[in-house]
Amino acid sequence: MPVKTEAVGKEWPTTTYEVGKEKIGEYARAVGIDNPVHFDRGAAVEAGFRDVVAPPMFCVVYSAPALGPAMFDPEVGMNFAAMVHGGQEFEWSEPACSGDEITTTAKCLEIYEKDGKGFYVFETVSTNQDGAEVVRGTWTNIVRGV
Amino acid sequence: MADLEQGAKIPELSVTPDKYLPHRYAGASGDFNPIHIDPEFAKNVGLPNSILHGLYMMGLTARAATEAAGGDPRALKRLSVQFRGMGAPETEIVVSGEVKEVGDGTATIDVVAAQGENQTIRNAEAEVAL
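Residue numbers (this note's numbering), protein chains in the order written: chain C, 1 to 146; chain D, 1001 to 1130.
What the hints contain is simulated information worked out from the structure, not anything from laboratory work. Small disclaimer: the values here were computed from a predicted structure and weren't measured. Treat the hints loosely; a few may be bogus.
Label pairs and their computed distance ranges (CB to CB) [said to hold, decoys possible]:
| hint | chain 1 | residue 1 | chain 2 | residue 2 | range |
| --- | --- | --- | --- | --- | --- |
| 1 | C | Glu46 | D | Asn1118 | 40 to 48 Å |
| 2 | D | Ala1008 | C | Gly77 | 44 to 52 Å |
| 3 | D | Glu1092 | C | Phe80 | 29 to 37 Å |
| 4 | D | Pro1048 | C | Glu133 | 13 to 21 Å |
| 5 | D | Tyr1020 | C | Phe80 | 44 to 52 Å |
Note that beta-carbon positions come from the ideal geometry of N, C-alpha and C, so glycine has one too.
Chain C extracted, bound-state conformation (with noise of 0.2 Å):
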């Protein structure tokens, strides 16, 4: 069966996320980092930040609720019981500190099918109050035996 392509091109309703600096924390602790610039508002500002600053790897806690309505959506009509995650890429422009406003958009980039596999591209662009884009990410979707 073809890989449906008619979503390609499509946005989808746009997200806000308020970071917070105890949220920060949180993620830093869970992958290992003990900078203090991710814990500590003094360090963060010493080290010429608005406030205390997420690790760039952060943004998937503020990017990724953009991405659910369009992973379900039936006109991209993924099949989730085959799907995996097969591919990533941020790129980073403003950092992300505690306080800000991120609001993200999501759209799907490219559907198409290779040897067998279904592949759904999704990029989302995350920008902060200021208007200032603070990451881009592409998002790549494997679905086996399309």
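For chain C, the structure is supplied; the task is to place chain D on it using the hints.
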């Protein structure tokens, strides 16, 4: 800060996530997919056991690249990975890397995360500011 010349190896990062790490990562990240936190569920869908979050291992990859560049979170400009093998809790993960290219104020590092022979993250490329 590691000496990021072309061909240089970055310092290896070695982490052994304990049994409950996937629960803590689920809470930290918001990803409560039961394949990561419920061994019974994981086995019912054909997995050998509950598996690590791929994005947790990507988080370790980001940490290794950032530490190699001096530790400032602004240093990591881009990270691209492919998830291949499944990661298991209570097993050592080693993140290693080699500088592929240096130029224009940035270094590009090829990175791999592995548990023994099992490369859970491969073809990863990190771009860091020098």
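Against the range 40 to 48 Å, how does the distance between the Cβ atoms of C/Glu46 and D/Asn1118 compare: consistent or not?
Holds, at about 41 Å.
Measuring from beta carbon to beta carbon, are D/Glu1092 and C/Phe80 in 29 to 37 Å?
Since D/Glu1092 and C/Phe80 have Cβ atoms about 31 Å apart, the given range 29 to 37 Å holds.
Does the Cβ distance between D/Ala1008 and C/Gly77 fall inside 44 to 52 Å?
Roughly 46 Å apart at Cβ, these two residues keep to the hinted range, so it holds.
Cβ distance range 44 to 52 Å for D/Tyr1020 and C/Phe80, holds or violated
At roughly 26 Å between Cβ atoms, C/Phe80 and D/Tyr1020 fall outside 44 to 52 Å, so the hint is violated.
Measuring from beta carbon to beta carbon, are D/Pro1048 and C/Glu133 in 13 to 21 Å?
Violated: the Cβ-Cβ distance is about 40 Å, outside 13 to 21 Å.
The earlier numbered hints that this structure contradicts are 4 and 5.
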